[in-house]
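All chains, full assembly: derive it from the sequences and hints.
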Amino acid sequence: MLNPISIPAVENAEPALDLMQVPFLGSLFRWRYARPLLQAPLLVLSVVMILHGLFGPTLAPKNLATTLSWLHFRGLLVLVLLCAGNFFCLACPFMLVRQAARRFFKPRLAWPTWLRNKWMSVALFVLILFAYELFDLWSSPWWTAWLIVGYFASVLVVDGFFKHASFCKFVCPIGQFNFVASMLSPFEVKVREQSVCATCETKDCIRGRREPGSDLVVIRGCELALFQPRKIGNMDCTFCLDCVHACPHDNVGILSRVPGSELLTNPLRSGIGYFSRRKDLAALIIVFTFGALLNAFGMVSPVYAVENWLGRALHVSHEAPVLGLIFVFFLMVEPLLLLVIATWLSRAWGGVRQAPLPLAVRYTYALVPLGFGIWFAHYGFHFLTGIYTIIPVTQSAVASLGRPWLGEPLWSLTGVPAKMVQVVEVGFLLLGFAGSLIVTHALAEEDSPDRTMRVFLPWAAVCTLLWLGSMWLIFQPMEMRATMMSG
Amino acid sequence: MGSPGFSVKQEITPQPARVGRSTLTFTITDAAGEPVDGAHLAVEADMSHAGMKPDFADVTETQPGRYEAEVALPMAGDWVILLHGKLGTGAAVEKQFDVRGVRPE
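Residue numbers (this note's numbering), protein chains in the order written: chain Y, 1 to 487; chain F, 1 to 105.
Calculated directly from the structure, the hints in this document are not laboratory data. Where hints are given, some of them may not hold.
As the list claims (entries may be wrong) - Label-pair distances were calculated between CB atoms; the ranges are: (1) A72/F <-> V47/Y: 34 to 42 Å; (2) V333/Y <-> G20/F: 33 to 41 Å; (3) F105/Y <-> G20/F: 55 to 63 Å; (4) P302/Y <-> G20/F: 16 to 24 Å; (5) P302/Y <-> E70/F: 24 to 32 Å.
We treat Cβ as the ideally placed atom computed from N, Cα and C, and that holds for glycine.
Quick look at the structure:
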């Protein structure tokens, strides 16, 4: 039994919608096997994608691996993050395999202290963005299949050796994307009544529920070290519902909230610390935001002109070094330049007394809405313009088994016309831009009540530049090419 | 592009390929370099990435051994042309041609 600990007596300010109270959904989420039930279909789908990617048609538009990965998965992922929360991590098929493997191999090691941060996952995030462009993953069912296989293997290796959810918290690039984006989600896993937690003596939500009179954990506590009463926001939360099941007081719900509200405050967060002190998290957000622009830049015509110009200037014909330079510019030079100037102006003109680095880190979080808006516009474009293509691709895959049960492939099915989707794109870019301005203004107001505008304007200028860049990108002719440097 | 018994040469106009309607020309010759006529062929144009509708077209023989088809390439980027059908002799034709870097209008 643990001693009662001090828990802030902050009740949820407003009555919130609790998904755990919604008929059917609540019963489903309360059921101990809800997660495996949601994971199983995605695992089956992953296996189908791997098999079709390796042995099916080599053309991306005819293969389930490429169609599902690069159109439907990404589109649905951002849609669910925007409308609900990090439910993909809840249904993550990699974790189902991990759980099965852990029945045979119990991890013994603790994740190394020096790696308990986001630096490795930031590097992997960049690596995936780089590989996506260099190997044209979008056009290769074979590479896409191996990416999924690699993911399964990585989960098994990392979580085979290391305890808890080390892969999710410190390695998984998709998870980090979800953690950042879910800061804008309208739902959060959190306690309903802080007063209940204040009197709780077992803290099962973090320790796990044990068999009476034994140390055997029968229901896991949070594997990502998020102690529910002190958990604030969605960062690092996989929505795995372990805390929901472990809480003996049924005091953990999936509660509605104002999207992005966690970006406005800087309290001590369980399992995270202070946002303003997390340089690694700020780096993740920089890659998330500037990487969104870079990823979108990779699919429009001007990128080929830039690549060819760089190739000629450097006298290189291989794509890797040229692409590397573009990545260095977009993910290091550009953010560094913009953040340094905004930080300097905030201090010199706005009179903010914070040291430069913590100040830059603090305002970096304000970029999340804009970054998510860019990802949403990009992934939403592919998803909506190609939404129905999954039908003929599935028909074709089934027919290739010699049994055309689903009929002849209806190749004329595609999706929403691009011109209509462009309106949606503009809407989400505007929404993201507005969100970033709101967060920036709130931070500026807190830092400098007297000279709010002087602190706000430099950071608003950064947001405006990025927004203008994203608007310019979506009006460029789209051009998906595997042969960047061919002229 | 060669196959046992015959080879197929493909051209696209306009050159360089641009977004819009394009004409594909296939020249089929036998091992001796003589034109192969009487083939029944069809083409399919696919983008290199998922999410785009393929375009299908029939192929017509404009002169002995020379075949033409018109396809729509609605987006800039890399396209793949699939030619399939049968020669007059009954031999199957299954060819794939890359049309890289189709330019915007």
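Here's how the hints hold up against the structure:
no. : hint                         : result
1   : A72/F <-> V47/Y: 34 to 42 Å  : holds (36 Å)
2   : V333/Y <-> G20/F: 33 to 41 Å : holds (38 Å)
3   : F105/Y <-> G20/F: 55 to 63 Å : holds (58 Å)
4   : P302/Y <-> G20/F: 16 to 24 Å : holds (20 Å)
5   : P302/Y <-> E70/F: 24 to 32 Å : holds (30 Å)
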